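Input sequences plus hints: build the corresponding full structure.
Number of protein chains: 2
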Amino acid sequence: MGPKRKSLSVEELAAGIRRGDRALLARAITLVESTRPDDQKLAQDLLQALLPATGNAWRIGITGVPGVGKSTTIDQLGMNLIAQGHKVAVLAVDPTSRRTGGSILGDKTRMARLAVHPDAFIRPSPSSGTLGGVTRRTRETMLLVEAAGFDVVIVETVGVGQSETAVADMVDFFLVLMLPGGGDELQGIKKGVIEIADMIVINKADGDNLEQAKRTAADYRGALNILIPRSATWTPPVLVASAVENRGLDAVWEKISEHRAKMSASGELQARRQAQAVDWMHSMLQERLLAELTAHDDIRRRIKELEEDVRQGRITAPRAVDEILQLIRK
Amino acid sequence: MGPKRKSLSVEELAAGIRRGDRALLARAITLVESTRPDDQKLAQDLLQALLPATGNAWRIGITGVPGVGKSTTIDQLGMNLIAQGHKVAVLAVDPTSRRTGGSILGDKTRMARLAVHPDAFIRPSPSSGTLGGVTRRTRETMLLVEAAGFDVVIVETVGVGQSETAVADMVDFFLVLMLPGGGDELQGIKKGVIEIADMIVINKADGDNLEQAKRTAADYRGALNILIPRSATWTPPVLVASAVENRGLDAVWEKISEHRAKMSASGELQARRQAQAVDWMHSMLQERLLAELTAHDDIRRRIKELEEDVRQGRITAPRAVDEILQLIRK
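Those sequence lines, one after another, are chains E and V. For the first sequence, my numbering gives the first residue as 1, with consecutive numbering after it. For the second sequence, my numbering gives the first residue as 1, with consecutive numbering after it.
Treat the hints with caution; some may be incorrect.
[Stated by the list, open to error] Mimicking BS3-like on lysine-lysine, the simulated pairs with C-alpha atoms at most 25 Å apart in a straight line are:
| hint | chain 1 | residue 1 | chain 2 | residue 2 |
| --- | --- | --- | --- | --- |
| 1 | E | K330 | V | K191 |
| 2 | E | K255 | E | K214 |
| 3 | E | K191 | E | K255 |
| 4 | E | K191 | V | K262 |
| 5 | V | K262 | E | K262 |
| 6 | E | K191 | V | K190 |
| 7 | V | K6 | V | K41 |
| 8 | V | K262 | E | K190 |
| 9 | V | K6 | E | K262 |
| 10 | E | K255 | V | K190 |
| 11 | V | K255 | E | K191 |
| 12 | V | K6 | E | K190 |
| 13 | E | K190 | E | K255 |
No wet-lab data here; the hints were simulated from the structure. None of the values given here were measured: they were computed from a predicted structure.
In structure tokens form, the structure reads like this:
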């Protein structure tokens, strides 16, 4: 790991990050991902110090099944944005990520151009075990990269468990990538994702698949127009694109810009971010309270037993909760 | 309020309820809705005693905008089911319900035939103030009416806040009633409801509106078929009906039966109920823990202040949570 590095104060770290020092940014992210209490304290002080320098980025979430072309799309979109003068960070939320074996997301080999560009920064998913832990660290990393001057932050995820909802809760705009499909194999959209999607992009709209992609886009467009109330602020548009041929991505960014302009003007963007921050606070409070109070092995074991009793209809949920609370009070 | 009633033991109350004694059922529900600690203890003991006698009903949730015909639909459907030998209970979840002024749901004057039928039982929404309180009491009341022999339990709600999600979490089947619409006024479905709907019924499909209702049904049917993955266990069907003319409701019940048969055979019905019970336990535990630990006025006030600091971007959510936990520990 090299010689012991000179330890830096919060002020020095903060100043370095705001200056754009990539090595210090990486060090700060490592602090945020660390479970050591002294690292955590430093990380929290640093985040607090940098907070006024955050919030200026476009926060975009991207999801899609493996094989839909997320990496290619992010790489191409990122390069287009950099050509327009943006600085692009790419983060990932992958609750299946492990220390060994890594993650299928945030893969620098598949975003080869961004991976080596000075105006881009890619960070694989933290391997933290629980979705709650991964999302927390990703939110904190987002604050760090924003303070470091990245004005577009893309958060990539796959459709595992509630990871899409978790990412939608930390971004301004949530984009769903889909395949052109075809024949009898209309893919459909995972329940819960319909609700959070701000746009659908049918990727791989090239070659023999172009016509199919347009038909699929028209189908989804029609379906969404029927289901989403006319009175809603925003009906998710459905576009086609070919990331590998770099076609359609300008239109994609234009829609994202349109959404941002509209939501900024109406105050909804700010309201959304404020609600996200407050929700984060409340869900973190719940999580940590529960974790602290049930830290005792005996209590954890009894909770599991009571859970099974409730599941099997042997006791009512209120009775189980009464017993757990009594145990905790002792 | 009449002479002081002889107070009954849990065993006597339980036996009476299982026997079908309506007065005792009503008394038990009043206990469940009471906030007095002695009533609550009795209620919880009673629920525990009756638990083995519960779970045998069809649990159906119904929502729809005011004016769509919920009361008429429930009244007619209920009468049809009673004619088939069922016993029907109707509950309501209305977080806007107040002690004075009551609720627009569970209105016996608008379900006039069920209101006086011996094989039906209607209970208006508890006026408990919070959605959490109302849903808890409704779930408990559901257990009581099931133990009393009602084998169909309908839970009515309107689209206020998260009330639909709360009801979907306690039923086997969630039905969304809609108007025929027409012209440029396609209603659309509230976000979040698409995800939980097991069937859509276009009501008031009569007279001049019949053709429009069929078109609207075809539109929604097509949209759902596109959006819901082909691999999903159940694609919500879209039917038309006229509750006031009693047309289409047999087909509605047939679909509900089909769903139940399918889900029972696959084990999904049982899995869904088990998950609902366990989720109820966990959310109640979270709620009560938080309520107990933040009961102190100073703590509540500080939490509100920190919430505003987080909302305004003055401090990070993790920092706010750290401070709240420290306050609680003292």
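Hints, one by one, checked against the model:
1. Restraint check: the Cα-Cα separation between K330 of chain E and K191 of chain V comes to about 43 Å, which exceeds 25 Å; the hinted pair is violated.
2. Of the pairs offered as hints, the one joining K255 of chain E and K214 of chain E holds, with about 17 Å between alpha carbons and a cut-off of 25 Å not exceeded.
3. The hinted pair formed by K191 of chain E and K255 of chain E meets the criterion: a straight-line CA distance of about 24 Å does not exceed 25 Å.
4. A threshold of 25 Å between alpha carbons decides the hint, and for K191 of chain E with K262 of chain V the separation of about 20 Å falls inside it, so the pair holds.
5. Between K262 of chain V and K262 of chain E the alpha-carbon distance is near 45 Å, which puts this suggested pair outside the 25 Å criterion.
6. Proposed proximity of K191 of chain E and K190 of chain V is supported: the alpha carbons are some 14 Å apart, at most 25 Å.
7. Distance hint between K6 of chain V and K41 of chain V is fulfilled; the C-alpha atoms sit about 18 Å from each other, no more than 25 Å.
8. For the hint linking K262 of chain V to K190 of chain E, the alpha-carbon distance of about 21 Å falls within 25 Å, and the restraint holds.
9. For the hint pairing K6 of chain V with K262 of chain E, the CA-to-CA distance comes to about 65 Å; that exceeds 25 Å, so the pair is violated.
10. Between K255 of chain E and K190 of chain V the CA atoms are separated by roughly 23 Å; this keeps the pair inside 25 Å, and the hint holds.
11. Under the criterion of a C-alpha separation no larger than 25 Å, the hint pairing K255 of chain V with K191 of chain E is consistent with the structure, at around 21 Å.
12. For the hint pairing K6 of chain V with K190 of chain E, the CA-to-CA distance comes to about 56 Å; that exceeds 25 Å, so the pair is violated.
13. Of the supplied pair hints, the one linking K190 of chain E and K255 of chain E holds, its CA atoms being roughly 23 Å apart against a limit of 25 Å.
Checked against the numbered hints given earlier, this structure breaks hints 1, 5, 9 and 12; the rest are met.
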